[in-house]
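2 protein chains.
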Amino acid sequence: MQTRKILLSEDEMPRQWYNILADIKMNPPLGPDGKPVNPEALAAVFPMNLIEQEVSTERWIDIPEEVLKVYSIWRPSPLVRALSLEKALDTPAKIYFKNESLSPPGSHKPNTAVPQAYYNKVFGIKKITTETGAGQWGSALSFACAQYGIECKVFMVRISFDQKPYRKSMMAVWGGNCIASPSNETKAGRDALEKDPNTPGSLGIAISEAIEAAISDETGQTRYSLGSVLNHVLMHQTVIGLEAKKQLEKVGEYPDVIIGCAGGGSNFSGLSLPFVYDKLNGKQIDIYPVEPSACPTITRAPFVYDHGDTAGYTPLLPMHSLGHGFVPAPIHAGGLRYHGMAPIVSQLVSEGIMEAKAVTQLEAYKAGIIVARTEGIIPAPETNHALACVIDEAKKAKEEGKEKVILFNWSGHGLLDLAAYDNYFSGKMKDFILTDEEMLKSEEIFANYPKPALLKNR
Amino acid sequence: MQTRKILLSEDEMPRQWYNILADIKMNPPLGPDGKPVNPEALAAVFPMNLIEQEVSTERWIDIPEEVLKVYSIWRPSPLVRALSLEKALDTPAKIYFKNESLSPPGSHKPNTAVPQAYYNKVFGIKKITTETGAGQWGSALSFACAQYGIECKVFMVRISFDQKPYRKSMMAVWGGNCIASPSNETKAGRDALEKDPNTPGSLGIAISEAIEAAISDETGQTRYSLGSVLNHVLMHQTVIGLEAKKQLEKVGEYPDVIIGCAGGGSNFSGLSLPFVYDKLNGKQIDIYPVEPSACPTITRAPFVYDHGDTAGYTPLLPMHSLGHGFVPAPIHAGGLRYHGMAPIVSQLVSEGIMEAKAVTQLEAYKAGIIVARTEGIIPAPETNHALACVIDEAKKAKEEGKEKVILFNWSGHGLLDLAAYDNYFSGKMKDFILTDEEMLKSEEIFANYPKPALLKNR
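Protein sequence lines correspond, in order, to chains A and B.
In terms of the numbering used here, the numbers along the first sequence are unbroken and rise by one, the last being 1478.
In terms of the numbering used here, the numbers along the second sequence are unbroken and rise by one, the last being 1478.
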């Protein structure tokens, strides 16, 4: 019988994260004055130990023992050979995936939620605030905070709060306090409610509320936490790719193609960055971040300086962006509805080290159902986007008659997103593709913004 | 760092199930004439290869290669040392659990759904019918049928069909066809609808519909499948306990106490029966099936002959039963709302080889939340009943100052049952405990039924 899962013991778990900032040049974030941001300026928002990680250029950062202990609840995650999918597609390609859906919150998000909660704890912080859209991040942070006995407060975009009540319930089981945003608890929230008492809310408002709730705590014991985009978040996720490398080594394989869905960029980077290191050192690998056609940042939007949030509270980040005022169409993959993209991914795409792909929602779900009926696991809406690209690549390998090794990240399961599958089966699911006119509009926004410099990382 | 998960490789997966009928005497099932049922009488309902397993007295039955291949999607399941829970309870007990929540449908159910689908396939069957209450079994069978390319038709009790729409969505993703029962597709369904067009349905009616749909297919290519209670179902589940034994051996441990929740008895038996074998051969182990106080079959109901279904279509089975007309209170643990108990468990309890426990719904959820916040995984409502007993035993070990080894089965996750946790947190969750008067009523039912003989298995 062919082995399906390549396992690592807990002893084999990576003891360090990989920090790609040691190996590539990046444009710095800019403050309101147009000058590079001083780390101290962020001290009211993040604990200093995480700010240090954000700007570190050390290649390897130790994973603390107390983080490893919590990781061991679900890590190392299995590397799975998708034998049944290969058979169904009759492809000569060997398809492997990291199964990140096995964590208690059901996604890759706790890979960073756990260390973030830990470093806040060590820094003496008693309470963490955050925002959440569809709820994956809010539940992962609630889970992590329960492990270290920290309070967790989640501002959840009202429309999701109302439409996805079970994410809120998950947070409650872990002791997280989830409230609808805009709320009456912050000035940002009250302002938004005054403007429109029936507003569905937005990620931008929720971020504003969470930051305000953190910095306005007079005890100084509250900080804010972000689930994607930032350098240290991507670095925590590299545990995925580092494990995958060890696992592939065990079976004597190395990937020709690496695929992951990309919203803010964290799960994709987690898998791919340790292999980008190899590519920078001469390895030939095709690396594909896959985004939804409804929110095409790296396939169509310009590489610019833009704010990470809608309200413009964050520094300007060098990234592919549709504009911080851009509101993506209501696709089910809430985790891919972000106007920008992690600066690291943006930089690597702009230099051609990674090649961005976009798929439509219908293509994504069609792929997801094929994979659910073969590999068994029901994929998250976000993961479905990666799967559409995986199936394309497997078919291409068949046409070319090549025994390629394809590696992808199964970012999460879809057990809390089953309504989206109903939507697909009912024939009511829509595709959303941005028109050229809409794209031009987003380019105009950036006419007066500073431009990232051209850098050469290979 | 202390190891949390004891893993087995796929090579170490058990190659045989353990059949306890080789080691204990049982009362036979009785037909309408009061005589032991002839296996051939069941041929229209089940495929003959499964009927042979049901009555086999071979101790070891080979697990087919094609079943092992599908098992390998999630098996072997990890044996987890509940380090965080031990710490929170400050107990000298060592607590281990088999994590059966990692299967794609999220419970232990596919351990038998997969071989049942396989044996039907081998027997030339094209379509399987079944009933489901809360939906765990229907989704597990849909998953299994997708693996072998068999059609799956699930009759789901209407009230659950309406209240738990996402179980139906899961089945659809795997290609299962789930309809509300009573339906217009069977005579049993039409009769029920004629009697009461607004009936919420019942497991009894759904079983009747599923059996009728199977036996009335004139091509002879449809059979019916049951997810618990029967001997072959419990035998398939023994893969849990056989793995657990190997895993405990690896760390040089043997359980003093074994705990599992028990509705029909299959997850509990899956873990415990391989250890019952040891107990029959002289080992000292306390073995506790835990049921809800709202449906106290093995703690309070008599050991009798009763029908497995409400309508009385099945043979008379020797079991602890509240009467086949008994309608349990609407507790959230749908999988524990069964009027009877597997004959094997009933027999072993009646002889004192296992000692039944009952806990209330509120006790169960209180325990579930403690465990979710320590071990991380959100437990299924059914699992919460086992957890209440685990915590009791761990506290008892502390009082006695004994370093006991406690082993329990984590039968499933609660990600599709989060509304129940909301109900708990809102303070609206109710306890249901049967009065003595209600119990007496159920004893009266059996006045004219045949009685199981006294047997001595130790």
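In short, the hints are calculated from the structure, not lab data.
These numbers come from a predicted model, not from an experiment.
A few of these clues could be false.
In silico lysine-lysine, DSSO-like type, Cα no more than 27 Å apart, as pairs [stated by the list, open to error]:
#	chain 1	residue 1	chain 2	residue 2
1	A	LYS1418	B	LYS1270
2	A	LYS1107	B	LYS1270
3	B	LYS1141	A	LYS1266
What follows is a set of in silico ranges between Cβ atoms, one per label pair, in the way DEER data are often shown [what the hints assert, rightly or not]:
#	chain 1	residue 1	chain 2	residue 2	range
4	B	ILE1390	A	GLN1241	23 to 29 Å
5	A	THR1023	B	GLU1078	26 to 32 Å
6	B	SER1076	A	THR1023	39 to 45 Å
No residue lacks a Cβ here, since even glycine has one placed at the ideal position from N, Cα and C.
Structure-based check of each hint:
Taking the CA atoms of A:LYS1418 and B:LYS1270, the gap is about 43 Å. The hint is violated against a cut of 27 Å. With a CA separation close to 35 Å, the supplied pair A:LYS1107 and B:LYS1270 exceeds the 27 Å bound. Proximity of B:LYS1141 to A:LYS1266 is assessed by CA-CA distance (about 38 Å); at most 27 Å being required, the pair is judged violated. Between B:ILE1390 and A:GLN1241 the CB atoms are about 26 Å apart, so this pair conforms to the stated range of 23 to 29 Å.
One distance hint, 26 to 32 Å for the beta-carbon pair A:THR1023 and B:GLU1078, holds here, with the actual separation near 29 Å. Checked against the hint of 39 to 45 Å, the C-beta distance between B:SER1076 and A:THR1023 comes to roughly 30 Å, which is inconsistent with it.
Comparing the model with each numbered hint stated earlier shows that hints 1, 2, 3, 6 do not hold.
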